[in-house]
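Visitor: So the protein sequences, as listed, match chains A and B.
According to our numbering, the first sequence is numbered sequentially starting from 1.
According to our numbering, the second sequence is numbered sequentially starting from 1.
Among the hints, a few may not be true.
Below, computed lysine to any residue pairings styled on SDA-like, alpha-carbon distance capped at 20 Å [said to hold, decoys possible]:
| # | chain 1 | residue 1 | chain 2 | residue 2 |
| --- | --- | --- | --- | --- |
| 1 | A | Lys32 | A | Ala10 |
| 2 | A | Lys32 | B | Lys136 |
| 3 | A | Lys29 | A | Leu19 |
| 4 | A | Lys32 | B | Ala55 |
| 5 | B | Lys136 | B | Gly306 |
| 6 | A | Lys32 | B | Leu54 |
| 7 | A | Lys32 | B | Leu75 |
Sample of chain A residues at the chain B side, in silico, Cβ under 7 Å [claimed, not checked]:
| # | residue |
| --- | --- |
| 8 | Gly27 |
| 9 | Thr38 |
| 10 | Arg47 |
| 11 | Ala81 |
Bear in mind the hints are in silico, worked out from the structure with no lab data behind them.
Note that the Cβ used here is the ideal one computed from N, Cα and C, for glycine as well.
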Amino acid sequence: MTGLPRVTAATLDVLEVLLGPDDELYGLKIAKASGRPTGSVFPILARLEQLGWAVSAWEDGSAGDRGPRRRFYRLSPDGLAGARALLAERRGGRAIERSGTWRIGRPGTEGAR
Amino acid sequence: VNPVLLFLLCAVVLPLLLAEFGDWCRWLAERLVCWSARRLGDPEACERYQEEYLANLDRVPGKVSPLLAAVGYVLMVPRMRWTLRAGRRAAVGVAGRSADDRDGLIERLRRQTGAAMAAAASERIGIDLRLLPERKQMLATVSTAISRSTGWPAHVALVGPEGSGKTTLAMLLASDLALGIATRPATRESRLPVFLPAATWDPTRSTIRDLIIDRLAHDTDVPRAVLGDLVDRGRVLPILDGLDEVRPQFRAAAAAAIDQQSSFPAPLVVTCRPSDYAVLGSHLRDAQVFALIPLRPTAAAAFLQGQATDDPRWSPLVDTLIADPGSPLALALCTPLKLRLLTAVYADPRTQPGELLDRARFPTVRSVDAHLLQQVTALGRIDLNRARRVRAARRWARRRRSEGD
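Can you build the whole structure from these sequences, using the hints too?
Guide: So this is what it looks like as structure tokens:
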């Protein structure tokens with residue numbers, strides 16, 4: 001794949017939430033915390049997962065006990081480092097405009113080769 | 001207008017309709033969300049996002065809001081489809097690589113997961129199973145049987161009672177197979193062992209294939225599609241530990257999942273208690289069964305001697321184990337778990353393991369067991385690290401002494 005994903009302001013918002021202390025972050029909660037609609041948060045989360053920046057796991061609990069399980073998202077070690085660097089670069093001084101695009105690398109691909 | 005009719009309409013019919021509308025909104029919202037998830041392409045993604053979306057929808061309060069939220073999910077379909085498709089294309093790019101690349105990936109994952117599994121096994125045991133000849137030999141036999149199997153692979157079952165060391169053996173097997181073969185270049189046949197605890201498995205929700213992919217996706221950075229490809233090619237060796245710990249209500253589903261796994265071109269390794277194996281094992285056709293036999297008293301004695309060469313507290317106990325292999329104490333110390341309890345209970349140098357020789361206090365196997373359990377409970381927990389530290393200190397003292405000579 002040649003086109004590397006663009007880092008939009010919404011992606012940065014999502015990364016900011018994921019960097020937070022909450023370890024039970026699911027789609028809707030991330031959307032609320034980042035102030036973005038779920039419609040943009042889910043595709044961002046899917047892309048972060050593909051890149052290996054985010055990992056997700058089902059919440060604990062057995063089948064059918066309490067209805068559908070939530071899926072919790074957190075940053076992978078690669079994602080943690082990447083997100084910190086990216087946010088420091090983009091939002092470090094809080095003076096950078098919220099539009100425009102950035103490119104991020106694909107961590108972990110060297111191992112899959 | 002008839003006032004009675006108007007009253008009926010406002011007080012009865014309208015509230016009923018509103019209540020109905022509320023229920024209908026939620027129903028419609030759920031339908032819309034399921035529809036959106038089903039449009040996402042591959043079945044795995046559909047299933048995952050359907051549950052994920054529904055769980056999110058459950059947390060939207062009110063009656064009309066969920067419907068609005070659901071519309072958001074419908075509008076998101078094109079973007080999600082595009083994102084997931086791009087991800088799949090990238091993953092297939094990796095999976096579709098040559099066999100050499102796959103071998104390289106297997107080898108890398110082997111080293112990575114093998115090292116982690118070896119660390120987990122040594123964290124867990126507290127006594128090294130390899131010091132027990134019965135278990136050490138079995139480990140070698142089983143790993144040889146698995147790594148040498150050619151053609152359509154036979155399943156392997158490690159069967160033994162509680163405390164016989166099944167789980168630790170399975171972990172050691174996983175790390176041995178991973179690291180042992182990783183030292184040689186991976187070949188077309190070599191497989192990546194994956195340790196899967198069955199106790200937390202819900203077979204109504206995930207197949208063994210899902211379990212493997214979940215585990216590896218959690219432990220490594222490899223995309224799920226690539227992992228799925230490895231499983232489908234028979235390059236992953238699942239080691240399902242504790243089949244007897246599958247909850248009773250899931251037994252039938254577990255049996256079905258095992259049946260399904262039998263059609264994969266890789267063996268399945270399971271550990272199980274004998275009674276449960278009689279039920280679930282029938283689904284493992286032509287499995288090679290390895291029984292974890294009770295430890296011989298001489299092996300237990302040799303183990304204890306090796307643990308405490310210069311600790312006179314243990315001598316009477318060791319002597320009795322050898323001299324009287326039929327004693328309740330000798331019969332009690334027949335599993336690695338019991339030896340682990342014993343060494344934990346008497347780790348403190350102020351305690352006297354020789355007290356167990358008192359036949360008046362400990363006339364039966366059961367009384368020895370009860371005493372060990374009670375003492376361990378009194379300790380609060382088995383402080384394995386402490387036992388390890390004590391051993392390390394003794395080794396150090398021994399070295400100092402031998403250097404002094």
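Visitor: Decide, hint by hint, whether the structure agrees.
Guide: Hints and how they fare:
A C-alpha spacing of about 12 Å is found between Lys32(A) and Ala10(A), which places the hinted pair at or below 20 Å, so the restraint holds. Annotation: proposed proximity of Lys32(A) to Lys136(B) is violated, straight-line Cα distance about 55 Å (limit 20 Å). Note on Lys29(A) and Leu19(A): the hinted pairing holds, with a Cα-Cα distance of about 14 Å set against a maximum of 20 Å. Annotation: proposed proximity of Lys32(A) to Ala55(B) holds, straight-line Cα distance about 15 Å (limit 20 Å).
Distance check on the hinted pair: Lys136(B) and Gly306(B) sit about 15 Å apart at the alpha-carbon level, within 20 Å; holds. Distance restraint check for Lys32(A) and Leu54(B): the Cα-Cα separation of roughly 17 Å lies within the 20 Å cut-off, and the hinted pair is therefore satisfied. Between Lys32(A) and Leu75(B), the direct Cα distance comes to roughly 18 Å. Compliance with the 20 Å bound is thereby established for this hinted pair. For the restraint placing Gly27(A) at the interface with chain B, the shortest Cβ-Cβ distance is roughly 5 Å, inside the 7 Å limit, so the hint holds.
The closest approach between the C-beta of Thr38(A) and any C-beta of chain B is roughly 6 Å, which is under the 7 Å cut-off, so the hint is satisfied. Checking Arg47(A) against chain B by beta carbon gives a least distance of about 5 Å; that is within 7 Å, so the hint holds. Because the closest C-beta pair between Ala81(A) and chain B is about 13 Å apart, greater than 7 Å, the hint is violated.
Checked against the numbered hints above, the structure violates hints 2, 11; every other hint is satisfied.
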